[in-house]
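This note's numbering puts the sequence shown at residues 158 to 331.
Hints in this document: simulated from the structure, not taken from any laboratory.
Heads up, some of the hints might be wrong.
[Said to hold, decoys possible] Result set (DSS-like, lysine-lysine): computed pairs, CA atoms no more than 25 Å apart in a straight line: (1) K205 / K276; (2) K290 / K199; (3) K190 / K205; (4) K290 / K233; (5) K290 / K229; (6) K300 / K190.
[Stated by the list, open to error] Here are the in silico distance ranges between beta carbons for each label pair: (7) T261 / Q182: 49 to 59 Å; (8) K190 / S223: 26 to 36 Å; (9) S223 / Q182: 14 to 24 Å; (10) D186 / D250: 15 to 25 Å; (11) G281 / T329: 15 to 25 Å; (12) D237 / I204: 17 to 27 Å.
Backbone N, C-alpha and C fix where the C-beta goes; we use that ideal spot for every residue, glycine too.
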Amino acid sequence: MKKIFSACLLSIFLLSLMTSPGLSQEASDILKKMVEAQGGKKVIEKIKDMTSSGTLELIQMGMTGSMTMYKKEPDKVRMDIEVMGMIITQAFDGETAWGVNPQTGSREEMPERQAEDMKRNAIGIDVFIYPEKYGISFSYTGKEKIEEKDYLVLEQTFSDGHKVILYIDPKTYL
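Use the sequences and the hints to build the structure in full.
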């Protein structure tokens, strides 16, 4: 009887590992390929800061601009957005989310909802390697065609329930 009970407990434990809510096997495989496509675990773990920049097109308003994002490990982010000659700065310094009002030039603390968004943007660069460190889970939801191209779709769920959809090229895993 004791052996049967022990075998049942072991089975339940193993089953719980296989069905843990954090990561499905498909999502785990996709994340591993994404990490490899970005240089691998060792390379990503060495990154302490990064800068990315691009252009913005606000079609409905007929405006274009530029954006530069700076990230510094473990939890800092700053975005500078330039539109119509004005620079809009938003940042999270690890504790407080703030922005610079472009009309007055004064630094102002963000409202709670905006602050939560900035805090999520500041999450570590290693999020795809250690999602559990940030209370994040990923699930694979299938494929989706966008402009005649197929993408793998991952749903990233934060501990507060906020969800982000990631579209991954199945050829490059970027």
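Tested hints:
1. Of the pairs offered as hints, the one joining K205 and K276 holds, with about 17 Å between alpha carbons and a cut-off of 25 Å not exceeded.
2. For the given pair, K290 sits about 17 Å from K199 by alpha-carbon distance, which is consistent with the 25 Å threshold.
3. Simply put, K190 and K205 have alpha-carbon atoms about 21 Å apart, close enough for the 25 Å limit, and the pair holds.
4. This hinted pair checks out: K290 and K233 have alpha carbons roughly 16 Å apart, not beyond 25 Å.
5. Note on K290 and K229: the hinted pairing holds, with a Cα-Cα distance of about 17 Å set against a maximum of 25 Å.
6. A hinted pair counts as satisfied when its Cα atoms are at most 25 Å apart, and K300 with K190 qualifies at roughly 16 Å.
7. Between T261 and Q182 the CB atoms are about 52 Å apart, so this pair conforms to the stated range of 49 to 59 Å.
8. At roughly 31 Å, the beta carbons of K190 and S223 sit within the given window of 26 to 36 Å.
9. At about 40 Å, the beta-carbon gap between S223 and Q182 misses the expected band of 14 to 24 Å.
10. One distance hint, 15 to 25 Å for the beta-carbon pair D186 and D250, is violated here, with the actual separation near 36 Å.
11. Evaluation of the 15 to 25 Å hint for G281 and T329 yields a pass: the beta carbon distance comes to about 23 Å.
12. The hint said 17 to 27 Å for the Cβ distance between D237 and I204, and at roughly 20 Å that hint holds.
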